[in-house]
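J.: Sequence:
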Amino acid sequence: MKTLFIILFLLSSPVLADTIRLKPGDSIKEAVAKAQVGDVIILTAGEYIEHDIIIQKAITIQGQGMPTINGKDQGDVFIVAGENIHFKNLKIINTGKSNIDDSAAIKFFDSRNCSVEGVELDNTFFGLHFSNSSNLTIKNNKLFSRAEREYQTGNGIHLWKCKDSMIEGNYVEGHRDGIYLEFVTNTISQYNTVDGNKRYGLHFMFSHDNSYIKNTFRRNGAGVAVMYTRNVLMRDNIFEENEGPSSYGILLKDITDSEVVGNIFRKNTIGIYMEGSSRTLFKNNAFTSNGWALKLMASCDNNTFEANNFIANTFDISTNGSVVLNTLKENYWDKYEGYDLNKDRIGDVPYRPISLFSVIVEKIPSAVILWRSFMVTLLDRMEKIIPAITPENMIDNNPKMNPYDLS
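Residues -17 to -1, 1 to 390 (mature numbering (1 follows the signal peptide of the UniProt record, and there is no 0)) make up the sequence shown, in order.
For the record, the hints were derived by calculation from the structure and aren't laboratory data. Take these hints with a grain of salt, some might be off.
[To be verified] List of simulated lysine-lysine pairs, BS3-like, C-alpha gap at most 27 Å:
1) Lys146 to Lys236
2) Lys80 to Lys181
3) Lys40 to Lys144
4) Lys236 to Lys266
5) Lys122 to Lys144
6) Lys125 to Lys197
7) Lys71 to Lys12
8) Lys12 to Lys55
9) Lys146 to Lys122
10) Lys122 to Lys71
11) Lys266 to Lys318
12) Lys125 to Lys144
13) Lys266 to Lys326
14) Lys74 to Lys17
15) Lys312 to Lys236
16) Lys55 to Lys6
17) Lys266 to Lys312
18) Lys17 to Lys6
19) Lys12 to Lys122
[As the list claims (entries may be wrong)] Ranges between beta-carbon positions, derived for each pair:
20) Asn303 to Ser81: 34 to 44 Å
21) Tyr387 to Asp56: 44 to 54 Å
22) Ser272 to Ile37: 48 to 58 Å
23) Asp317 to Asn115: 41 to 51 Å
24) Val23 to Phe189: 32 to 42 Å
25) Asn214 to Ser272: 28 to 38 Å
26) Asn376 to Thr120: 44 to 54 Å
27) Asp56 to Phe189: 28 to 38 Å
28) Arg213 to Arg129: 33 to 43 Å
29) Gln19 to Glu133: 35 to 45 Å
30) Asn118 to Tyr174: 17 to 27 Å
31) Gln135 to Tyr387: 36 to 46 Å
Note that the structure is a prediction, hence the values are computed from the model and not measured. The C-beta atom is built at its ideal place from N, Cα and C for all residues, glycine as well.
Make a model of the complete structure from these sequences and hints.
T.: So, in C-alpha coordinates, the structure goes:
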(Lines of atoms letter the chains of each structure in order from A and count residues from 1; the text may use other names and numbers.)
(Lines give C-alpha, C1' and ligand atoms only; values in the text may rest on other atoms or scores of the structure.)
Protein backbone atom coordinates (compact mmCIF):
# COMPACT_ATOMS: atom_id res chain seq x y z
CA MET A 1 0.00 0.00 0.00
CA LYS A 2 2.83 2.35 0.91
CA THR A 3 4.61 1.56 -2.37
CA LEU A 4 1.41 2.26 -4.33
CA PHE A 5 1.04 5.61 -2.55
CA ILE A 6 4.61 6.60 -3.45
CA ILE A 7 4.04 5.67 -7.11
CA LEU A 8 0.81 7.69 -7.25
CA PHE A 9 2.54 10.64 -5.60
CA LEU A 10 5.37 10.57 -8.12
CA LEU A 11 2.99 10.32 -11.05
CA SER A 12 0.93 13.27 -9.81
CA SER A 13 3.92 15.49 -9.04
CA PRO A 14 4.79 18.09 -11.70
CA VAL A 15 7.97 17.51 -13.67
CA LEU A 16 10.46 20.23 -12.76
CA ALA A 17 11.78 22.09 -15.80
CA ASP A 18 15.54 22.27 -16.26
CA THR A 19 17.51 25.23 -17.55
CA ILE A 20 20.10 24.46 -20.21
CA ARG A 21 22.69 27.21 -20.69
CA LEU A 22 24.60 27.55 -23.96
CA LYS A 23 27.53 29.70 -25.00
CA PRO A 24 28.74 30.55 -28.53
CA GLY A 25 30.18 27.42 -30.07
CA ASP A 26 27.67 25.10 -28.36
CA SER A 27 25.10 23.37 -30.57
CA ILE A 28 21.49 24.55 -30.30
CA LYS A 29 20.35 21.43 -32.21
CA GLU A 30 22.00 19.14 -29.64
CA ALA A 31 20.50 21.10 -26.76
CA VAL A 32 17.03 20.83 -28.31
CA ALA A 33 17.48 17.07 -28.78
CA LYS A 34 18.45 16.62 -25.11
CA ALA A 35 15.82 18.96 -23.68
CA GLN A 36 12.72 17.59 -21.97
CA VAL A 37 9.22 19.05 -22.10
CA GLY A 38 9.12 22.34 -20.21
CA ASP A 39 12.87 22.96 -20.29
CA VAL A 40 14.32 26.41 -20.97
CA ILE A 41 17.35 26.74 -23.24
CA ILE A 42 19.21 29.97 -22.50
CA LEU A 43 21.57 31.32 -25.13
CA THR A 44 24.16 33.66 -23.66
CA ALA A 45 25.43 36.67 -25.63
CA GLY A 46 27.40 36.04 -28.79
CA GLU A 47 26.91 34.49 -32.22
CA TYR A 48 25.58 31.01 -32.97
CA ILE A 49 25.92 29.78 -36.57
CA GLU A 50 23.12 27.28 -37.22
CA HIS A 51 20.09 26.72 -39.43
CA ASP A 52 17.21 24.25 -39.82
CA ILE A 53 16.85 23.74 -36.07
CA ILE A 54 13.75 21.54 -35.66
CA ILE A 55 11.65 21.83 -32.49
CA GLN A 56 8.72 19.48 -31.80
CA LYS A 57 8.47 19.61 -28.00
CA ALA A 58 7.27 22.19 -25.50
CA ILE A 59 10.42 24.17 -24.68
CA THR A 60 11.50 27.80 -24.49
CA ILE A 61 14.44 29.30 -26.39
CA GLN A 62 15.49 32.43 -24.53
CA GLY A 63 18.32 34.86 -25.08
CA GLN A 64 20.45 36.52 -22.46
CA GLY A 65 22.20 39.66 -23.70
CA MET A 66 20.48 39.42 -27.12
CA PRO A 67 22.50 36.58 -28.71
CA THR A 68 22.59 36.35 -32.53
CA ILE A 69 21.72 33.22 -34.47
CA ASN A 70 23.20 33.42 -37.96
CA GLY A 71 21.62 31.21 -40.62
CA LYS A 72 24.43 31.96 -43.09
CA ASP A 73 21.91 32.40 -45.95
CA GLN A 74 20.81 28.75 -45.74
CA GLY A 75 17.20 27.56 -45.39
CA ASP A 76 15.16 28.34 -42.28
CA VAL A 77 16.72 29.02 -38.91
CA PHE A 78 14.01 27.43 -36.73
CA ILE A 79 11.31 24.99 -37.88
CA VAL A 80 8.60 24.46 -35.28
CA ALA A 81 5.69 22.00 -35.01
CA GLY A 82 4.14 21.53 -31.59
CA GLU A 83 2.52 23.16 -28.57
CA ASN A 84 3.77 25.61 -25.96
CA ILE A 85 6.98 26.50 -27.78
CA HIS A 86 8.31 29.97 -27.02
CA PHE A 87 11.06 32.29 -28.29
CA LYS A 88 12.26 35.31 -26.30
CA ASN A 89 14.93 37.99 -26.63
CA LEU A 90 16.90 36.69 -29.61
CA LYS A 91 18.36 38.14 -32.78
CA ILE A 92 18.13 36.04 -35.95
CA ILE A 93 19.89 37.01 -39.17
CA ASN A 94 20.60 35.76 -42.70
CA THR A 95 18.03 33.16 -43.71
CA GLY A 96 18.04 31.51 -47.11
CA LYS A 97 16.29 33.21 -50.02
CA SER A 98 13.66 30.93 -51.54
CA ASN A 99 10.14 31.62 -52.81
CA ILE A 100 9.61 27.89 -53.27
CA ASP A 101 10.41 26.95 -49.66
CA ASP A 102 9.38 30.32 -48.13
CA SER A 103 12.61 30.49 -46.14
CA ALA A 104 11.99 32.13 -42.75
CA ALA A 105 13.69 33.01 -39.49
CA ILE A 106 11.08 31.00 -37.54
CA LYS A 107 8.57 28.79 -39.35
CA PHE A 108 5.65 27.24 -37.49
CA PHE A 109 3.51 24.33 -38.74
CA ASP A 110 0.42 22.90 -37.01
CA SER A 111 1.28 24.61 -33.74
CA ARG A 112 -0.74 25.83 -30.73
CA ASN A 113 -0.13 28.15 -27.79
CA CYS A 114 3.23 29.35 -29.11
CA SER A 115 4.83 32.77 -28.81
CA VAL A 116 7.58 34.95 -30.26
CA GLU A 117 8.41 37.95 -28.08
CA GLY A 118 11.24 40.47 -28.08
CA VAL A 119 12.91 38.93 -31.12
CA GLU A 120 14.83 40.99 -33.70
CA LEU A 121 15.08 39.72 -37.27
CA ASP A 122 17.45 41.19 -39.85
CA ASN A 123 18.11 40.21 -43.47
CA THR A 124 15.56 37.43 -43.44
CA PHE A 125 13.44 36.39 -46.43
CA PHE A 126 10.21 35.72 -44.57
CA GLY A 127 10.41 36.84 -40.97
CA LEU A 128 7.86 34.90 -38.89
CA HIS A 129 5.88 32.34 -40.89
CA PHE A 130 2.87 30.51 -39.39
CA SER A 131 0.75 27.81 -41.06
CA ASN A 132 -2.35 26.04 -39.73
CA SER A 133 -1.71 27.24 -36.17
CA SER A 134 -3.73 28.79 -33.33
CA ASN A 135 -3.45 30.73 -30.08
CA LEU A 136 -0.29 32.52 -31.17
CA THR A 137 1.33 35.52 -29.49
CA ILE A 138 3.57 37.66 -31.72
CA LYS A 139 4.65 40.59 -29.59
CA ASN A 140 7.26 43.36 -29.44
CA ASN A 141 9.42 42.05 -32.27
CA LYS A 142 11.48 44.04 -34.79
CA LEU A 143 11.70 42.80 -38.37
CA PHE A 144 14.00 44.31 -41.00
CA SER A 145 14.64 43.31 -44.59
CA ARG A 146 17.43 44.86 -46.66
CA ALA A 147 16.02 43.81 -50.05
CA GLU A 148 15.98 46.41 -52.81
CA ARG A 149 13.17 44.84 -54.87
CA GLU A 150 9.84 43.25 -53.98
CA TYR A 151 10.75 39.84 -55.44
CA GLN A 152 13.90 39.68 -53.29
CA THR A 153 12.00 39.35 -50.01
CA GLY A 154 8.99 37.64 -48.44
CA ASN A 155 6.49 38.87 -45.86
CA GLY A 156 7.44 40.09 -42.42
CA ILE A 157 4.70 38.44 -40.34
CA HIS A 158 2.89 35.80 -42.39
CA LEU A 159 -0.13 33.82 -41.15
CA TRP A 160 -1.97 31.23 -43.24
CA LYS A 161 -4.99 29.36 -41.91
CA CYS A 162 -4.50 30.51 -38.33
CA LYS A 163 -6.92 31.63 -35.61
CA ASP A 164 -7.29 33.10 -32.12
CA SER A 165 -3.99 34.99 -32.14
CA MET A 166 -2.49 38.31 -31.03
CA ILE A 167 -0.09 40.43 -33.13
CA GLU A 168 1.00 43.33 -30.93
CA GLY A 169 3.68 45.99 -30.69
CA ASN A 170 5.81 44.84 -33.64
CA TYR A 171 7.90 46.99 -36.00
CA VAL A 172 8.15 45.72 -39.58
CA GLU A 173 10.23 47.36 -42.33
CA GLY A 174 11.45 46.52 -45.82
CA HIS A 175 9.54 43.29 -46.53
CA ARG A 176 7.18 42.48 -49.42
CA ASP A 177 4.09 42.75 -47.18
CA GLY A 178 4.62 43.86 -43.61
CA ILE A 179 1.79 41.73 -42.20
CA TYR A 180 0.06 39.14 -44.41
CA LEU A 181 -3.00 37.19 -43.30
CA GLU A 182 -4.89 34.61 -45.36
CA PHE A 183 -7.71 32.43 -43.98
CA VAL A 184 -7.08 33.93 -40.53
CA THR A 185 -9.92 34.37 -38.02
CA ASN A 186 -10.51 35.85 -34.56
CA THR A 187 -7.14 37.58 -34.48
CA ILE A 188 -6.22 41.00 -33.10
CA SER A 189 -3.46 43.20 -34.56
CA GLN A 190 -2.71 46.22 -32.42
CA TYR A 191 -0.01 48.82 -31.70
CA ASN A 192 2.13 47.68 -34.63
CA THR A 193 4.20 50.06 -36.78
CA VAL A 194 4.58 48.93 -40.39
CA ASP A 195 6.85 51.25 -42.35
CA GLY A 196 8.47 51.25 -45.77
CA ASN A 197 7.52 47.80 -47.04
CA LYS A 198 7.78 47.08 -50.74
CA ARG A 199 4.12 46.25 -51.46
CA TYR A 200 1.47 46.36 -48.72
CA GLY A 201 1.90 47.32 -45.11
CA LEU A 202 -1.04 45.06 -44.26
CA HIS A 203 -2.52 42.57 -46.71
CA PHE A 204 -5.29 40.17 -45.81
CA MET A 205 -7.76 38.01 -47.71
CA PHE A 206 -10.55 35.64 -46.62
CA SER A 207 -9.80 36.62 -43.02
CA HIS A 208 -13.05 37.16 -41.11
CA ASP A 209 -13.84 38.46 -37.60
CA ASN A 210 -10.50 40.19 -37.04
CA SER A 211 -9.64 43.52 -35.40
CA TYR A 212 -6.94 46.06 -36.31
CA ILE A 213 -6.49 48.66 -33.58
CA LYS A 214 -4.04 51.57 -33.12
CA ASN A 215 -1.56 50.47 -35.78
CA THR A 216 0.50 52.81 -37.98
CA PHE A 217 0.95 52.03 -41.68
CA ARG A 218 3.39 54.47 -43.25
CA ARG A 219 5.23 54.82 -46.58
CA ASN A 220 4.36 51.34 -47.85
CA GLY A 221 4.50 50.77 -51.60
CA ALA A 222 0.76 50.25 -52.08
CA GLY A 223 -0.58 50.98 -48.60
CA VAL A 224 -3.04 48.46 -47.11
CA ALA A 225 -5.18 45.90 -49.00
CA VAL A 226 -8.26 44.25 -47.52
CA MET A 227 -9.99 41.70 -49.75
CA TYR A 228 -12.87 39.17 -49.70
CA THR A 229 -13.51 39.51 -45.98
CA ARG A 230 -16.40 40.20 -43.59
CA ASN A 231 -16.76 41.44 -40.02
CA VAL A 232 -13.59 43.51 -39.85
CA LEU A 233 -12.98 46.20 -37.23
CA MET A 234 -10.39 48.86 -38.12
CA ARG A 235 -10.21 51.38 -35.29
CA ASP A 236 -7.82 54.21 -34.35
CA ASN A 237 -5.19 53.37 -36.96
CA ILE A 238 -2.98 55.81 -38.87
CA PHE A 239 -2.55 55.44 -42.64
CA GLU A 240 -0.09 58.01 -43.92
CA GLU A 241 2.33 58.88 -46.71
CA ASN A 242 1.39 55.90 -48.89
CA GLU A 243 2.05 57.62 -52.20
CA GLY A 244 2.28 56.41 -55.79
CA PRO A 245 0.15 55.74 -58.89
CA SER A 246 -1.34 52.57 -57.34
CA SER A 247 -1.07 53.39 -53.66
CA TYR A 248 -3.85 53.65 -51.09
CA GLY A 249 -4.35 54.28 -47.42
CA ILE A 250 -6.72 51.28 -47.67
CA LEU A 251 -7.89 49.28 -50.66
CA LEU A 252 -11.23 47.63 -49.80
CA LYS A 253 -12.37 44.97 -52.25
CA ASP A 254 -15.46 42.86 -51.57
CA ILE A 255 -15.65 43.76 -47.87
CA THR A 256 -18.95 43.42 -46.00
CA ASP A 257 -20.44 44.06 -42.55
CA SER A 258 -17.40 45.87 -41.19
CA GLU A 259 -16.47 49.05 -39.29
CA VAL A 260 -13.80 51.63 -40.09
CA VAL A 261 -13.86 53.98 -37.12
CA GLY A 262 -11.59 56.67 -35.67
CA ASN A 263 -8.77 56.30 -38.19
CA ILE A 264 -6.49 58.97 -39.65
CA PHE A 265 -5.85 59.04 -43.42
CA ARG A 266 -3.10 61.56 -44.09
CA LYS A 267 -1.01 62.40 -47.18
CA ASN A 268 -1.98 59.34 -49.20
CA THR A 269 -2.51 59.34 -52.95
CA ILE A 270 -5.93 57.79 -52.20
CA GLY A 271 -7.23 57.60 -48.64
CA ILE A 272 -9.75 54.79 -49.24
CA TYR A 273 -10.42 52.99 -52.52
CA MET A 274 -13.59 50.87 -52.39
CA GLU A 275 -14.85 48.29 -54.86
CA GLY A 276 -17.65 45.76 -54.41
CA SER A 277 -18.03 46.53 -50.68
CA SER A 278 -21.28 46.69 -48.73
CA ARG A 279 -22.82 47.34 -45.32
CA THR A 280 -19.75 48.99 -43.80
CA LEU A 281 -19.75 51.94 -41.39
CA PHE A 282 -17.15 54.70 -41.77
CA LYS A 283 -17.34 56.98 -38.75
CA ASN A 284 -15.15 59.54 -36.96
CA ASN A 285 -12.31 59.22 -39.46
CA ALA A 286 -10.06 62.14 -40.44
CA PHE A 287 -9.15 62.51 -44.13
CA THR A 288 -6.42 65.13 -44.40
CA SER A 289 -4.17 66.23 -47.29
CA ASN A 290 -4.87 63.23 -49.52
CA GLY A 291 -5.06 63.34 -53.31
CA TRP A 292 -8.45 61.59 -53.18
CA ALA A 293 -9.92 61.13 -49.72
CA LEU A 294 -12.33 58.50 -51.01
CA LYS A 295 -12.74 56.69 -54.32
CA LEU A 296 -16.11 55.00 -54.14
CA MET A 297 -16.82 52.72 -57.08
CA ALA A 298 -20.40 52.21 -58.30
CA SER A 299 -20.24 48.54 -57.25
CA CYS A 300 -20.40 49.59 -53.57
CA ASP A 301 -23.74 49.87 -51.77
CA ASN A 302 -25.33 50.30 -48.35
CA ASN A 303 -22.22 51.88 -46.84
CA THR A 304 -22.58 54.75 -44.38
CA PHE A 305 -20.14 57.67 -44.02
CA GLU A 306 -20.98 59.55 -40.84
CA ALA A 307 -19.24 62.21 -38.74
CA ASN A 308 -15.95 62.21 -40.66
CA ASN A 309 -13.65 65.18 -41.30
CA PHE A 310 -12.62 65.96 -44.90
CA ILE A 311 -9.88 68.59 -44.79
CA ALA A 312 -7.37 69.82 -47.41
CA ASN A 313 -7.89 66.94 -49.85
CA THR A 314 -7.53 67.62 -53.58
CA PHE A 315 -10.74 65.63 -54.17
CA ASP A 316 -12.98 64.58 -51.31
CA ILE A 317 -14.92 61.88 -53.20
CA SER A 318 -14.93 60.52 -56.72
CA THR A 319 -16.86 57.69 -58.36
CA ASN A 320 -17.15 55.96 -61.71
CA GLY A 321 -20.95 55.70 -61.88
CA SER A 322 -24.04 57.87 -62.03
CA VAL A 323 -25.99 55.98 -59.34
CA VAL A 324 -24.52 55.83 -55.84
CA LEU A 325 -26.32 53.67 -53.25
CA ASN A 326 -24.49 54.85 -50.14
CA THR A 327 -25.28 57.30 -47.34
CA LEU A 328 -23.46 60.48 -46.33
CA LYS A 329 -24.54 62.23 -43.16
CA GLU A 330 -23.22 64.89 -40.81
CA ASN A 331 -19.69 64.95 -42.16
CA TYR A 332 -17.47 68.02 -42.08
CA TRP A 333 -16.35 69.24 -45.51
CA ASP A 334 -13.85 72.07 -45.61
CA LYS A 335 -15.03 72.98 -49.13
CA TYR A 336 -18.62 73.50 -47.97
CA GLU A 337 -19.75 77.10 -48.52
CA GLY A 338 -23.28 76.94 -47.10
CA TYR A 339 -24.74 78.79 -44.13
CA ASP A 340 -26.32 78.03 -40.76
CA LEU A 341 -29.12 80.47 -40.00
CA ASN A 342 -30.55 78.61 -37.00
CA LYS A 343 -27.10 78.16 -35.40
CA ASP A 344 -27.45 74.42 -34.86
CA ARG A 345 -23.95 73.85 -36.32
CA ILE A 346 -25.45 71.93 -39.24
CA GLY A 347 -25.51 73.54 -42.67
CA ASP A 348 -28.91 74.57 -43.96
CA VAL A 349 -27.96 73.75 -47.55
CA PRO A 350 -27.09 70.15 -48.57
CA TYR A 351 -23.59 69.53 -49.86
CA ARG A 352 -22.54 67.57 -52.95
CA PRO A 353 -18.93 66.46 -52.39
CA ILE A 354 -18.33 65.09 -55.91
CA SER A 355 -17.06 67.82 -58.19
CA LEU A 356 -17.50 67.79 -61.96
CA PHE A 357 -13.73 67.90 -62.38
CA SER A 358 -13.28 64.74 -60.27
CA VAL A 359 -15.71 62.94 -62.61
CA ILE A 360 -13.72 64.14 -65.63
CA VAL A 361 -10.41 63.06 -64.08
CA GLU A 362 -11.90 59.64 -63.29
CA LYS A 363 -12.64 59.18 -67.00
CA ILE A 364 -9.63 61.08 -68.40
CA PRO A 365 -6.77 60.89 -65.81
CA SER A 366 -4.47 63.20 -67.81
CA ALA A 367 -6.99 66.03 -67.31
CA VAL A 368 -5.59 66.47 -63.82
CA ILE A 369 -3.02 68.90 -65.29
CA LEU A 370 -5.87 71.44 -65.53
CA TRP A 371 -6.32 71.45 -61.76
CA ARG A 372 -6.71 74.97 -60.33
CA SER A 373 -7.40 76.49 -63.73
CA PHE A 374 -10.18 79.06 -64.14
CA MET A 375 -12.08 76.75 -66.51
CA VAL A 376 -12.22 73.97 -63.92
CA THR A 377 -13.47 76.36 -61.25
CA LEU A 378 -16.16 77.65 -63.61
CA LEU A 379 -17.31 74.12 -64.52
CA ASP A 380 -17.52 73.07 -60.88
CA ARG A 381 -19.55 76.19 -60.00
CA MET A 382 -22.00 75.53 -62.82
CA GLU A 383 -22.37 71.88 -61.79
CA LYS A 384 -23.18 72.86 -58.21
CA ILE A 385 -25.98 75.12 -59.40
CA ILE A 386 -27.45 72.71 -61.94
CA PRO A 387 -26.19 69.15 -61.31
CA ALA A 388 -26.15 67.26 -64.59
CA ILE A 389 -23.16 64.91 -64.63
CA THR A 390 -22.29 64.24 -61.00
CA PRO A 391 -24.40 61.61 -59.15
CA GLU A 392 -27.51 63.39 -57.91
CA ASN A 393 -27.99 61.18 -54.84
CA MET A 394 -24.41 61.51 -53.57
CA ILE A 395 -25.33 64.24 -51.12
CA ASP A 396 -24.81 65.10 -47.46
CA ASN A 397 -28.08 66.66 -46.32
CA ASN A 398 -26.69 67.63 -42.91
CA PRO A 399 -23.10 68.84 -43.37
CA LYS A 400 -21.39 70.01 -40.22
CA MET A 401 -20.25 73.64 -40.05
CA ASN A 402 -17.23 72.88 -37.85
CA PRO A 403 -14.78 69.96 -37.84
CA TYR A 404 -15.13 67.23 -35.26
CA ASP A 405 -12.57 66.97 -32.49
CA LEU A 406 -11.23 63.50 -33.33
CA SER A 407 -8.05 63.69 -31.26
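J.: Please go over all the hints and tell whether each is borne out by the structure.
T.: Verification of the hints:
no. : hint                         : verdict
1   : Lys146 to Lys236             : holds (22 Å)
2   : Lys80 to Lys181              : holds (16 Å)
3   : Lys40 to Lys144              : holds (22 Å)
4   : Lys236 to Lys266             : holds (19 Å)
5   : Lys122 to Lys144             : holds (19 Å)
6   : Lys125 to Lys197             : holds (17 Å)
7   : Lys71 to Lys12               : holds (17 Å)
8   : Lys12 to Lys55               : holds (16 Å)
9   : Lys146 to Lys122             : holds (16 Å)
10  : Lys122 to Lys71              : holds (10 Å)
11  : Lys266 to Lys318             : holds (19 Å)
12  : Lys125 to Lys144             : holds (23 Å)
13  : Lys266 to Lys326             : holds (24 Å)
14  : Lys74 to Lys17               : holds (23 Å)
15  : Lys312 to Lys236             : holds (23 Å)
16  : Lys55 to Lys6                : holds (18 Å)
17  : Lys266 to Lys312             : holds (10 Å)
18  : Lys17 to Lys6                : holds (16 Å)
19  : Lys12 to Lys122              : holds (25 Å)
20  : Asn303 to Ser81: 34 to 44 Å  : holds (41 Å)
21  : Tyr387 to Asp56: 44 to 54 Å  : holds (52 Å)
22  : Ser272 to Ile37: 48 to 58 Å  : holds (50 Å)
23  : Asp317 to Asn115: 41 to 51 Å : holds (49 Å)
24  : Val23 to Phe189: 32 to 42 Å  : holds (37 Å)
25  : Asn214 to Ser272: 28 to 38 Å : holds (31 Å)
26  : Asn376 to Thr120: 44 to 54 Å : holds (47 Å)
27  : Asp56 to Phe189: 28 to 38 Å  : holds (33 Å)
28  : Arg213 to Arg129: 33 to 43 Å : holds (37 Å)
29  : Gln19 to Glu133: 35 to 45 Å  : holds (43 Å)
30  : Asn118 to Tyr174: 17 to 27 Å : holds (19 Å)
31  : Gln135 to Tyr387: 36 to 46 Å : holds (43 Å)
Hint check: no violations occur; every hint is consistent with the structure.
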